[in-house]
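Each protein sequence line maps, in turn, to chains U and Z. For the first sequence, the working numbering assigns the number 1 to the initial residue and increments by one for each residue that follows. For the second sequence, the working numbering assigns the number 1 to the initial residue and increments by one for each residue that follows.
Worth flagging that the hints you see were computed from the coordinates, not collected in a lab. For every residue, glycine included, the Cβ atom is placed at its ideal position computed from N, Cα and C. Accuracy of the hints is not assured; some may be wrong.
Derived CB-CB ranges, DEER-like [as the list claims (entries may be wrong)]:
id	chain 1	residue 1	chain 2	residue 2	range
1	Z	Asp30	U	Leu38	26 to 36 Å
2	U	Ala119	Z	Thr79	40 to 50 Å
3	Z	Glu130	U	Ala14	19 to 29 Å
Below, computed lysine to aspartate or glutamate pairings styled on EDC-like, alpha-carbon distance capped at 20 Å [said to hold, decoys possible]:
id	chain 1	residue 1	chain 2	residue 2
4	Z	Lys96	Z	Asp115
5	Z	Lys28	Z	Glu136
6	U	Lys42	U	Asp120
7	Z	Lys117	U	Asp16
8	Z	Lys22	U	Glu124
9	U	Lys45	U	Asp120
10	Z	Lys52	Z	Asp115
11	Z	Lys117	Z	Asp30
12	Z	Lys22	U	Asp26
13	U	Lys45	U	Glu124
14	Z	Lys96	Z	Glu136
15	Z	Lys96	U	Asp26
16	Z	Lys117	Z	Glu83
17	Z	Lys28	Z	Glu58
18	Z	Lys28	U	Asp26
Here are a few chain Z residues that sit away from chain U, every Cβ distance over 10 Å (derived from the structure) [stated by the list, open to error]:
id	residue
19	Ala14
20	Asp30
21	Ile54
22	Glu58
23	Arg75
24	Val80
25	Thr82
26	Pro106
27	Ala123
28	Met134
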Amino acid sequence: MATVTAGITLTSAAGDLLTDALSLSDSTSVTATHTTGLARTKIDKTAVHADADVIFTASSYAAPAYLYLKNTQTTASHYIYIYDGTTSGDPVLLKLAGGDFAFLPINAGLTLKAYGSTADFILEHTVFGTSA
Amino acid sequence: MPTASITLTSADIAGDPVNVSKTSTCYKADSTTPLDQTNGLQRLILTTASAKEIYTAENAAEGLGLNANAKVFIRNASTVTTEFITVTINATVIGKLYAGQWLFMPWSQNDTAADIKVTASAAGKSMPIEHMLMHEGYFNA
């Protein structure tokens, strides 16, 4: 088994978000045997679509698996939406502004797809976990 | 201004090492104005296996938080490796956080059903959860 270490640091100087400085750090180790590799995908759809780019295919990994996402756009209003393509209504789970990233566990039973507020935004993404 | 930094490292998940490091400033929606509010780092103890709503999406009629930008940090502070919490958003299970694991993600409240809930893996436990929201506008705690 391989180990992936994920660290997060949330900071804010005194007088910004709070009167006092904020400094929160955490780290966790994820045991994994497989990864999709760090991919860059040009997101070509601008709404829910049968052919929208697939970020994670249901049941390709066993739970627990972990997803990293990064919207590489540099303009805040350039959004990439991550939606649940398995559930009726295709609910949007995440809306990543330009520059945003996310790291979260994923439900192995869901297929996750992406679309952008405009076509051709670039999304970086990878999954760590155990192949199903 | 509030910033979030992430590192992902692994020496053995692939033939070559993985080393990802990114930093993002936490801005309000559609702008480069930093987020200016937080509910603070909260801690709660889950003792039942019922869903606990930690963040409630705003009512669209009030026009408050809908499509506003926010960042969510959730950590399962349990030290018992078999204990996990299930995290849902918009009534969809997004995944499970096992002891010591965390998530960080944007939360735009893109519809009024985008509540965030956590559920302990079993009743009768004392499972500590830590969570924090950095946001703009208003929200229902």
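Here is what the structure says about each hint:
1. Z/Asp30 to U/Leu38: 26 to 36 Å: holds (28 Å)
2. U/Ala119 to Z/Thr79: 40 to 50 Å: holds (46 Å)
3. Z/Glu130 to U/Ala14: 19 to 29 Å: holds (22 Å)
4. Z/Lys96 to Z/Asp115: Roughly 16 Å separates the two Cα atoms, so the pair holds.
5. Z/Lys28 to Z/Glu136: Holds: Z/Lys28 and Z/Glu136 sit about 6 Å apart, inside 20 Å.
6. U/Lys42 to U/Asp120: With a Cα-Cα distance of about 5 Å, the restraint between U/Lys42 and U/Asp120 holds, given a limit of 20 Å.
7. Z/Lys117 to U/Asp16: violated (28 Å)
8. Z/Lys22 to U/Glu124: holds (11 Å)
9. U/Lys45 to U/Asp120: holds (8 Å)
10. Z/Lys52 to Z/Asp115: This hinted pair holds, its Cα atoms lying about 10 Å apart.
11. Z/Lys117 to Z/Asp30: violated (26 Å)
12. Z/Lys22 to U/Asp26: holds (15 Å)
13. U/Lys45 to U/Glu124: holds (16 Å)
14. Z/Lys96 to Z/Glu136: Given that 20 Å is the threshold and the Cα spacing comes to 27 Å, the pair is violated.
15. Z/Lys96 to U/Asp26: holds (17 Å)
16. Z/Lys117 to Z/Glu83: holds (17 Å)
17. Z/Lys28 to Z/Glu58: At roughly 16 Å apart (the allowed maximum being 20 Å), Z/Glu58 and Z/Lys28 satisfy the hint.
18. Z/Lys28 to U/Asp26: Violated - the C-alpha atoms of U/Asp26 and Z/Lys28 are around 24 Å apart, more than 20 Å.
19. Ala14: Not fine: 6 Å to the nearest Cβ puts Z/Ala14 too close to chain U.
20. Asp30: violated (4 Å)
21. Ile54: Fine: 15 Å to the nearest Cβ keeps Z/Ile54 off the interface.
22. Glu58: holds (14 Å)
23. Arg75: violated (6 Å)
24. Val80: holds (15 Å)
25. Thr82: Check passes; 12 Å lies beyond 10 Å.
26. Pro106: Given a closest Cβ separation of 5 Å, the condition is violated.
27. Ala123: holds (21 Å)
28. Met134: At roughly 6 Å from the nearest Cβ of chain U, Z/Met134 sits no farther out than 10 Å, so the non-interface label is violated.
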